[in-house]
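Residue numbers (my numbering), protein chains in the order written: chain A, 815 to 1263; chain B, 16 to 136.
One should not assume that every hint holds.
Below 25 Å or equal to it, Euclidean Cα-Cα: the simulated DSS-like pairs (lysine-lysine) are [claimed, not checked]:
#1 A:Lys-1199 / A:Lys-1220
#2 A:Lys-881 / B:Lys-67
#3 A:Lys-881 / B:Lys-110
#4 B:Lys-44 / A:Lys-1150
#5 B:Lys-67 / B:Lys-82
#6 A:Lys-881 / B:Lys-55
#7 B:Lys-82 / B:Lys-106
#8 B:Lys-55 / A:Lys-1150
#9 A:Lys-1046 / A:Lys-1065
#10 B:Lys-82 / B:Lys-110
#11 B:Lys-67 / A:Lys-1150
Chain A stretches covered by chain B per the calculated footprint, using a threshold of three residues with CB under 8 Å from any CB of chain B [unchecked claim]:
#12 853-865
#13 878-887
#14 993-1003
Negatives, chain B to chain A, calculated, CB over 12 Å [unchecked claim]:
#15 Arg-49
#16 His-53
#17 Phe-54
#18 Thr-76
#19 His-105
FYI, nobody ran anything at the bench for these hints, they're computed from the structure. Quick caveat: nothing in here was measured; it's all calculated off a predicted structure. We put the beta carbon where it would ideally sit given N, CA and C, even for glycine.
Listed below are the residues making up each chain.
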Amino acid sequence: MTHLSKDNPNPEPPVSRDGPAPHDGVDSWLDVLTSMLSLPASQRAQVRDELEDHLRSRVDDLLIAGKPEPEAIRTAIAELGETAQLARHITSANRTPKSFRRFAMNATFFVLAGSILTAGVSMMMPSAPQQQTSNTGSESVVAIDKEPSDESSFDSFTVDVRDATVAEFIQQIDRNIERPLIVHWELISDLGFNRDAPLDIDADPIPAGLALTILAERTEPTLSDSIAVLEKDDRIEIGTRSQFDRRTSEKRIYDLSIFTPEAQVIMRGNQMHRSAPRVSTENEMTRIRGLLQSHISSDAWVDFGGDIASATVLNTTLVVSAPVRMHTQIDALLGKLIEQHIAQLQEKEAHQQRMIERASGEFSQVRDSLMSVRMELLEKQEELKRVGISPFNDTADPEARAEAEKRSLEVQAQQEDLKLKERELLTRHDHLQSIIIQSEYEELTALID
Amino acid sequence: MITLKQDHSTLVVLSVLADGPSYGYAISKAIAARSEGHFKLTASGMYPLLTKLEKQGLVTTSWEEVKAEGADPESSGRKRKWYDLSPKGHKQLAKHIEAHRQMQSLIDAFVSPTTTHGTTA
């Protein structure tokens, strides 16, 4: 086995094997999958090679395990999952450029009243007059590198971009969409997009969305900004992420009360023990805010030197001013946090329930032991009395008297041991009893509430 | 069997690659082996993720020609794509581990230790 291009950062697969190879179930499945990939031919070939290696490796393992070949092939293919879904995910991943920031939102949202469109809006053609557009109504930002299930205006048609310039490519898009297309050339030229530059995509007609993705890949990687598409009811705009961020900024209030210690008491109900909260509500709110800021566009937050988003804790709420794309991420992260939080509380509740059950079991044992010790104490008391009224006490027989005194001392020592044991058991008994009574009380309280 | 979510997948795959270069099928087997069969990263999750990691420069790739045992030495074999963690990938893995620990710490802050002692003997 030879590594053909181990150190090559942009490796190409080896040349396809010569000569006809037997066409089996794996090849048939690969034919279908490859036909579903909306990718250039070279990428399709690489995906096919990689999945073929996966399938044949798996088939080899299954054959070694004793499966007949037809069954091994069926199993290996079935394990890869639904073919169309796999093709969609692979296509999407290969279309996602590293320099392109995700606008993972198709939802319609409203722009803050009073904000205005960036000045210098121009039509896509170099000679087009400047346009100032209104800012009323709803709009949505469409991800160029959207999820496979998303649909946008750019997926419904293909463009022939061979030998085309950027402007000519945009012209093709303009011809295919019903709404006016506005391109903010001045802003996106700062990202390295020159309208007269060749698009330099050597491919057959491809979906416009894919061409846009490839175009976006040309964004200067050192820039923190990126190209973005804003889709509105009455027009489509191509501009920059930062531009649309400012226009789509809005304020939302997030309820974080579930993370307060008080909420935990309510949620945990009858199993809640009365230990003091380990952290204050204020600290918890601050902690959640810090977590959101560090995980979502951290350089955008005012607290971290950005100018896109801000977050303020007010009691048990978090007031966030941010672009809608960030709100979407906040919603998702908070949802996960709450989900985990509730799961942890439920686990804790179940654990405490088990502890109560164990306490109840132990309480019965301690109570029985206590009864037993007290019975022994009574027996010792009786024995002492018997020793005390013995005729030997009145006899002058010094030997018998000494024997009685010795026995009396032994019984008294045993009594002391038993009393010590009784006290220990009593303490444990009272402790367990208080736990059980408290849990019953809180259960009753919860029922009344 | 637990199907890995996206957040965990990156950490898991980078961790597997931290042990040395590997390829798709071997990575999926390593994940199953290291989790004792509890974790499963589906093909539709793993291959797009590997592509993403490659685009982000977290892994480097290379192709190898693989021949079946007993195959004609003159014939061509199939192609295998290898993935290797880049220096950037190593740094990213360290960040993921740190973020993972921060998240654990956050969750721990909401619950008392489950190994509470004192109420039972």
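Going through the hints against the structure:
{"no.": "1", "hint": "A:Lys-1199 / A:Lys-1220", "in the structure": "holds (14 Å)"}
{"no.": "2", "hint": "A:Lys-881 / B:Lys-67", "in the structure": "violated (34 Å)"}
{"no.": "3", "hint": "A:Lys-881 / B:Lys-110", "in the structure": "violated (43 Å)"}
{"no.": "4", "hint": "B:Lys-44 / A:Lys-1150", "in the structure": "violated (28 Å)"}
{"no.": "5", "hint": "B:Lys-67 / B:Lys-82", "in the structure": "violated (28 Å)"}
{"no.": "6", "hint": "A:Lys-881 / B:Lys-55", "in the structure": "holds (22 Å)"}
{"no.": "7", "hint": "B:Lys-82 / B:Lys-106", "in the structure": "violated (35 Å)"}
{"no.": "8", "hint": "B:Lys-55 / A:Lys-1150", "in the structure": "holds (20 Å)"}
{"no.": "9", "hint": "A:Lys-1046 / A:Lys-1065", "in the structure": "holds (20 Å)"}
{"no.": "10", "hint": "B:Lys-82 / B:Lys-110", "in the structure": "violated (38 Å)"}
{"no.": "11", "hint": "B:Lys-67 / A:Lys-1150", "in the structure": "holds (23 Å)"}
{"no.": "12", "hint": "853-865", "in the structure": "holds (count 5)"}
{"no.": "13", "hint": "878-887", "in the structure": "violated (count 0)"}
{"no.": "14", "hint": "993-1003", "in the structure": "violated (count 0)"}
{"no.": "15", "hint": "Arg-49", "in the structure": "holds (17 Å)"}
{"no.": "16", "hint": "His-53", "in the structure": "holds (17 Å)"}
{"no.": "17", "hint": "Phe-54", "in the structure": "holds (15 Å)"}
{"no.": "18", "hint": "Thr-76", "in the structure": "violated (5 Å)"}
{"no.": "19", "hint": "His-105", "in the structure": "holds (16 Å)"}
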